[in-house]
Amino acid sequence: MSNVILEMRNITKTFPGVKALDNVNFSVQQGEIHALVGENGAGKSTLMKVLSGIYPHGTYSGDIYFQGEQCQFRDINQSEKMGIVIIHQELALIPFLSIAENIFLGNEQAERGIINWNKTISKTQALMQKVGLHESPNTLITDLGVGKQQLVEITKALSKEVKLLILDEPTASLNETDSEALLELLLQFKQQGMTSILISHKLNEVKKVADSITILRDGATIETLDSRKDAVTEDRIIRGMVGRDLTHRYPPREAKIGDVIFEVKDWQVYHPIHAERKVINDVNIYVRQGEVVGIAGLMGSGRTELAMSVFGRAYGKQISGTVWKHGQKIDTSSVHKAIANGLAYATEDRKNFGLVLIQPIKNNVTLANLEAVSERGMVINKPKEMVVAKDYRTSLSIKSSSILQETVNLSGGNQQKVVLSKWLFSNPDILILDEPTRGIDVGAKFEIYTIINRLAEEGKGIIVISSELPEILGVCDRIYVMNEGRIVGEMPTEEASQEKIMACIMQQAAEVTAA
Amino acid sequence: MTTGTTLARDNAPTNSIIALFRSNIRQYSMLIALIAIMVFFQIVTDGTLMKPVNLTNLILQNSYIVIMAIGMLLVIVAGQIDLSVGSVAAFVGAVAAVLMVEYKVNFILVIIASLALGGLIGAAQGYWIAYQRIPSFIATLAGMLVFRGLTLAMLQGQSVGPFPTGFQKLSSGFLPDVFGSETLHVTSLIIGVVVSLVIVYLDWNGRRNQVKYGFEVSPFGLFLAKNILVMAVIIYMSYLMASYKGLPNVLVVLFILIVAYAFFTNQTVSGRRIYALGGNAKAAALSGVNTKKLTFLTFVNMGMLAALGGLIIAARLNVATPKAGTGIELDVIAAAFIGGASATGGIGTVIGAVVGALVMGVMNNGMSIVGIGIDWQQAIKGLVLLLAVWFDVRSRMKS
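Quick note, the sequences are listed as chains A and B, same order.
Last residue of the first sequence: 515 in the working numbering, with the numbers rising by one and none dropped.
Last residue of the second sequence: 399 in the working numbering, with the numbers rising by one and none dropped.
Hints listed in this document are in silico derivations from the structure and should not be mistaken for laboratory results.
Please note that a few of the clues may not be correct.
[Said to hold, decoys possible] Chain A regions said to be covered by chain B (calculated; three or more residues, Cβ under 8 Å):
{"no.": "1", "segment": "327 to 339"}
{"no.": "2", "segment": "350 to 357"}
{"no.": "3", "segment": "360 to 373"}
{"no.": "4", "segment": "383 to 395"}
[As the list claims (entries may be wrong)] Simulated DEER-style distance windows between Cβ atoms:
{"no.": "5", "chain 1": "B", "residue 1": "Val39", "chain 2": "A", "residue 2": "Phe15", "range": "33 to 43 Å"}
{"no.": "6", "chain 1": "A", "residue 1": "Arg454", "chain 2": "B", "residue 2": "Val39", "range": "58 to 68 Å"}
{"no.": "7", "chain 1": "B", "residue 1": "Phe215", "chain 2": "A", "residue 2": "His88", "range": "49 to 59 Å"}
{"no.": "8", "chain 1": "A", "residue 1": "Asp75", "chain 2": "B", "residue 2": "Val39", "range": "42 to 52 Å"}
Note that CB positions come from ideal geometry on N, CA and C, so glycine has one too.
With the hints as extra help, turn the sequences into a complete structure.
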């Protein structure tokens, strides 16, 4: 306990009527990577907001010591001056400004209000070197992929002479390669003596890079594990997070698989803007009744594009190919027709594509099938609508004050359940679930998996798209592997493994390079 | 933290009057503000404001603002804006005037043709906005210039009038009194009483339905007080108007429109979808809502209501002028925002927009009676708009 850089003592933060943080103690040593884990709503983000001054001094009780000095931050500028920098889960970059402009936003290299562009650019280049970002400083953010955007955020943090870097779910939207690179970078920073706090749901990452792990549950510190002393297993962390042993991370599954219910044949899709680019190339897939089919692949491999183009041509141009249900060709040329023909697609981006956040649970649940709660498909029968919403709130145990609560106030897991409710109420035969458990905690994940099982038992065909290979292996009966817009592998789950799936992807990538 | 907050809400006393008031303050705040403004001007004008003659005038003066505010509300809820309504109203008024005065076309045909023309203009603008993805601010700014220009061209800088009496009745006529009493317009009073009874019945029926499905309802005392108040206000207003010339025709039109559009936004599938479209267009589209068509139709509807507004303006002045309706798009937009609509879409009510229009109308009227010049009236109205929206934003942040 020699070199403590940050010490937070007895932090208590209350919101009207609820204690979000209850006497939390949290200390970070100089030069370590300290992981902060806990279920959604455990208080991780609140603790970090207290630390960075987003919740100013006086709105919480307790003391913060940074480098031995007591700190009473009134806003985020003060904490940044001390060298504490947060990178939030949702990236805060301005899309139509360049890398250099974004990095020095709020910290412009200016004399008397006039920006010195040469200085800005040369400093940007130097910083980009450090993180291994090889782009022109004048590139617009919108032209970068998510992985590189994340690097820009880190570069921005470095430009502020950061002493303590806080990363909130940095890999949530990154693919495996980019995540890997980011973690490497963190380790590299550590060798240079930087301290970081890593908030993450991905326990394999935590296990890989963290020196110590602090677990929060229900606003209280449960324990701090030191992985330098003895190895910490994922199960050990989960036990701390949920307060019990979660022996089965995936509910047991007894598949009763019937005939083919859904087929996509010879599917081709071109990019909506770059018209010559083929995004989906000659895809053929099928799903049987009661079967859960996984689509594995890296981010950008075309999984979402495949799903959305099938679902009412919501993505892409010059789409060709046919869609079949029960051996008959069906029309899915608009979202409305796709829904009418028994398709449902639960998006990977529930905030932007899944929910009307300013509306209550009730309105979101019925949105895709309003006709079913209406007289002659025209006039909404409100009591009936409320009964429907209440039923889903109960059966999917959506934690909320009532069905009238606005969805913006729900946690990620509960928002996901509202999205699922919406699609269950549309009564589909085929459900496509795109990253159904992204950014939600272990407990809620288990509930979602249970729902998937239940739907399969009812005889529906289910497609699960996921970047997390253990999840694909845990919930699916059969797996397609996708890469660069093609299906590059297909295997029953019994024969599949993470290595085998990655091998499929790599093999095809190698073929492409060779050709 | 969200789960924590919800737990706290679960424990909150939902039945107390204070909690109920708090949860509804947004809904009622502008109504309370309207009443306060009315009481204020009633006092400073020594009771002129609520005199039967003035009350009738107030309605005649503001009817077209209210009508267009209803259309604008839908446009704003859908996440768009329409700057062209003033010019469209003037253009349709001009076309109608030329048809009636120079070509002697029957006025009923003219009214139908004008509404169709308005719908067509709305369709043209809606096409650019919905299908060609031109931002509505720009498309309708263009429309504002185009149709003002066309109005000038159509009228060649002249005023065209007067109109057949039948057409004038649209704006200046009153319901006939079947009882023929000298002092009191009995028919109007009876209509007022019947309407208030129907409103109370509907509210009671809705409450009974909610109880049947086992939902929480507001305490009976509050329900009773609210309905007695509503009844009293409606009957008193109709009594006031009955003691002058009775109910104006335009008020009947207004009432039908308000009821129809309130029903449309609250109870119908299409209405609900407009709110979803404005709240999150992408999510709505992925839920099977035809967002383009719906946006298009919202502008068609706006065009028709702007046309109706233009006809009423023309009928009221008994002449079509090139300057008619100049600047009223701003009053109409202000009405919707004062009534609680959100500039980012997805939030707003028809009743709110009507109340917003009445707030503006009462202020115009009251300030004119007091003798405040048009210059200061503008400035004060601007500040009221700012304050109203500020209040709304603040109460939204708190909730």
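- Those earlier numbered hints the structure runs against, lowest number first: 7
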